[in-house]
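Enquirer: Fit chain A to the supplied structure of chain C, relying on the hints for placement.
Protein chains: 2
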Amino acid sequence: MAHTKVVILGGGFGGLNAAKALGNAKLDVWLIDQTNHHLFQPLLYQVASAALSPGDIAVPIREILSNYENITVIMGEVVKIDKDAKVVVLRNGDHIGFEYLIIATGARHSYFGRDEWEALAPGLKTLNDALKIRERILISFEKAERCDSISEAKKYLNFVIIGGGPTGVEMAGAIAEIAYETMLKNFRRIDVTKTKIYLIEGSPHILPVYPERLSEKAKHYLERMGVQVITGKRVTDITSEGAKVENTFIPAHNIIWAAGNQASAVLQTLDVPLDRQGRVIVESDLSIPDHPHIFVIGDAACAMDEKGKPLPGLAPVAVQQGRYVAMLLRKRMAKSERPPFRYFDKGSMATIGKTKAIGVFGKIQFSGFFAWLAWCFVHVLYLIGFRNRFTVLSQWLFSYFTSRRGARLIYRSPIESEMTKK
Amino acid sequence: MAHTKVVILGGGFGGLNAAKALGNAKLDVWLIDQTNHHLFQPLLYQVASAALSPGDIAVPIREILSNYENITVIMGEVVKIDKDAKVVVLRNGDHIGFEYLIIATGARHSYFGRDEWEALAPGLKTLNDALKIRERILISFEKAERCDSISEAKKYLNFVIIGGGPTGVEMAGAIAEIAYETMLKNFRRIDVTKTKIYLIEGSPHILPVYPERLSEKAKHYLERMGVQVITGKRVTDITSEGAKVENTFIPAHNIIWAAGNQASAVLQTLDVPLDRQGRVIVESDLSIPDHPHIFVIGDAACAMDEKGKPLPGLAPVAVQQGRYVAMLLRKRMAKSERPPFRYFDKGSMATIGKTKAIGVFGKIQFSGFFAWLAWCFVHVLYLIGFRNRFTVLSQWLFSYFTSRRGARLIYRSPIESEMTKK
Chain C
1 MAHTKVVILG GGFGGLNAAK ALGNAKLDVW LIDQTNHHLF QPLLYQVASA
51 ALSPGDIAVP IREILSNYEN ITVIMGEVVK IDKDAKVVVL RNGDHIGFEY
101 LIIATGARHS YFGRDEWEAL APGLKTLNDA LKIRERILIS FEKAERCDSI
151 SEAKKYLNFV IIGGGPTGVE MAGAIAEIAY ETMLKNFRRI DVTKTKIYLI
201 EGSPHILPVY PERLSEKAKH YLERMGVQVI TGKRVTDITS EGAKVENTFI
251 PAHNIIWAAG NQASAVLQTL DVPLDRQGRV IVESDLSIPD HPHIFVIGDA
301 ACAMDEKGKP LPGLAPVAVQ QGRYVAMLLR KRMAKSERPP FRYFDKGSMA
351 TIGKTKAIGV FGKIQFSGFF AWLAWCFVHV LYLIGFRNRF TVLSQWLFSY
401 FTSRRGARLI YRSPIESEMT KK
Chain A
1 MAHTKVVILG GGFGGLNAAK ALGNAKLDVW LIDQTNHHLF QPLLYQVASA
51 ALSPGDIAVP IREILSNYEN ITVIMGEVVK IDKDAKVVVL RNGDHIGFEY
101 LIIATGARHS YFGRDEWEAL APGLKTLNDA LKIRERILIS FEKAERCDSI
151 SEAKKYLNFV IIGGGPTGVE MAGAIAEIAY ETMLKNFRRI DVTKTKIYLI
201 EGSPHILPVY PERLSEKAKH YLERMGVQVI TGKRVTDITS EGAKVENTFI
251 PAHNIIWAAG NQASAVLQTL DVPLDRQGRV IVESDLSIPD HPHIFVIGDA
301 ACAMDEKGKP LPGLAPVAVQ QGRYVAMLLR KRMAKSERPP FRYFDKGSMA
351 TIGKTKAIGV FGKIQFSGFF AWLAWCFVHV LYLIGFRNRF TVLSQWLFSY
401 FTSRRGARLI YRSPIESEMT KK
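Going down the list, the sequences are from chains C and A.
For the first sequence, the working numbering gives the first residue as 1, with consecutive numbering after it.
For the second sequence, the working numbering gives the first residue as 1, with consecutive numbering after it.
These are calculated hints, taken from the structure and not from any lab test.
These numbers come from a predicted model, not from an experiment.
Please note that the accuracy of each hint is not assured.
Copies of the same chain are indistinguishable here, so a pair counts whether it falls within one copy or spans any two.
No farther apart than 30 Å at their CA atoms in a straight line, the calculated lysine-lysine pairs in the DSBU-like style are these [stated by the list, open to error]:
id, residue 1, residue 2
1, 154, 194
2, 155, 233
3, 155, 80
4, 185, 363
Bound-form chain C, shown alone (with noise of 0.2 Å):
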């Protein structure tokens, strides 16, 4: 009964693969994540768009693994790594053994040293961000709709999205369609077309590691839905009144951050070589130095591919790390055995808005309509679980033909009590 114990930190991407994939193994394996669900990131936008509802595109850690007698599911926040002692501590004090750990803890948004700017900027990792923001959108709206003359509702209705990545281009896309679409006859005092969004990336170009004709695409994309795009200038600052984008300050009560990532601050406790991003630098096996069972898999780890270059934070980087690894204990490969790690890349999309995405497969580039309908395609195949796939879908199929979105709600504060903070 004794089998070896295997702790895996965080059901995201990479530690739900490596779990499933030591799914009824002679292994005693542990899964502990601070959530109960496993979240399908790439969709969350959508959530804090207000376009699909959180049970949509999240799944019970518990119940994806349920048919696994081999693997027990604890909620819990991991505080403490002590590699020696082979012990996780959580943050009620319950001390959690283990020969081998799997760390795949993921990335917060980082703010470059400037952590005030989180409460007035708000970024998108988990359900909890993406209702956060779905809240501020919808209640910038109501807000305007209360003013009693244009200029004092202007700054309601505008928007800033800081960071031109998928996350920032996909949100951009959205708000557009929020604005002059979703919202068009629900007003009565404002007119939501009078609604400004904007896009600001420090880079030359929006969506910079795809090749520049699809950045030049994606941004032409985004000005047609009405999206001011702002390339090669910085946030200098952000105030409850604004941003200041260099030097003009554009006054806007919605901020959305999607800039910087930061790798979870628990790996610092492991007291090994993490990088600029705060992500452990790993071997060639995804191991740490000289500790050959522990591994650091997903946003939480540095790895290079053949070039020397580091890997993207990629779901599909996090999906064939968390497997490589349960192949190797499933093997109990020693240290000197294991192949190095090896990224296939299958290529990456991105979407701008209900109809347009920009997409790279190897040396093959596309974008427009089918871009966009292979994207839909890809991202339902991906989903876990029958019933996610088909509510999505049909959601996507009601928004596609009715410009509404499925879960327009404010709940969670009163407008009241935002409106006296203004």
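Expert: Using the frame of chain C, we list chain A on its own:
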């Protein structure tokens, strides 16, 4: 352009139906609600029990009314009604004047003077309430799984529901399903079939407004599902450790309040006679004494039927009252011309678990599986919007065949903060 101004307070069944019936009339209609959505309250317990998502049973009020150009929707909390100055005051200080006023502000739970019980035994009226209860139920199982001993885990696996009306019965049935079906293969350290569910009703029968034969049926259904039904006994104390039912103490960390109602507090600012539940005692045309231009409807009103008995707090009563008042206003009827409001009773139903219900239609009583099918049909029929009908129906079909629940999510509060509080 300056039409007569009608202000409606509340977008529940009463207020929303009044507004719809005034759509495109030559009246300037304003609807004010604290939230941005109309909530289909009869299915709220399904959100609390993780079967449906908030978006499935709630629709933005301004979307429902978007085609009526004479209706302005304002999100805000009314704190004072000045019946002589003909003005309502919002929490932020805004004054909104009216010529006619329809008050449909509903009810909250009442703890019979024991307000300290609210934090320990939350009630179920809003989406926020439902999500709080959902999270508490799910976290209980998570906490139990973390316990080192069975005796420690036990208190997390005891559920107490206070109040044997429709909400209490529905919640008890839903929790039984969660414990004995949904969670069955999900835990490794605890045995979820050890879960105990207590339903406490002070009067001799649960569902006391139904004929005794049906109440007994409902009790039988619940007991077969594993619920312990305790009737004729009152809860005398609630602590963080459990509930005292006369001389018996039931240790439990999950107590749900489904016992009493209290009409909305803003009615007290009207300065008119209220009944014991804080409802306004209205005249036969639903107006208040000496103010024929102010009406109170739904759960905020105490209106009498032909026999002088107060009408029950049911959705159909509120709907019919809303339409009745709208008719009076459309016809500009003077007080003396107004026919008294008459409630047309179409019957009522309550559901017990996933496959059973009871119902009364005039002299016809029925129960069992076909009653449950009828219950499903009626509830889907009365939902607003094609999308919601479609989603709810497909979620029910999915749950019926798999026993899974579509929204088993914990994301609002970390388990650790709860754990330390015990």
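Enquirer: Look at each hint and say if it fits the structure.
Expert: Here is what the structure says about each hint:
| no. | hint | in the structure |
| --- | --- | --- |
| 1 | 154 - 194 | within (8 Å within a copy, 58 Å between copies) |
| 2 | 155 - 233 | within (21 Å within a copy, 57 Å between copies) |
| 3 | 155 - 80 | between (44 Å within a copy, 29 Å between copies) |
| 4 | 185 - 363 | neither (44 Å within a copy, 46 Å between copies) |
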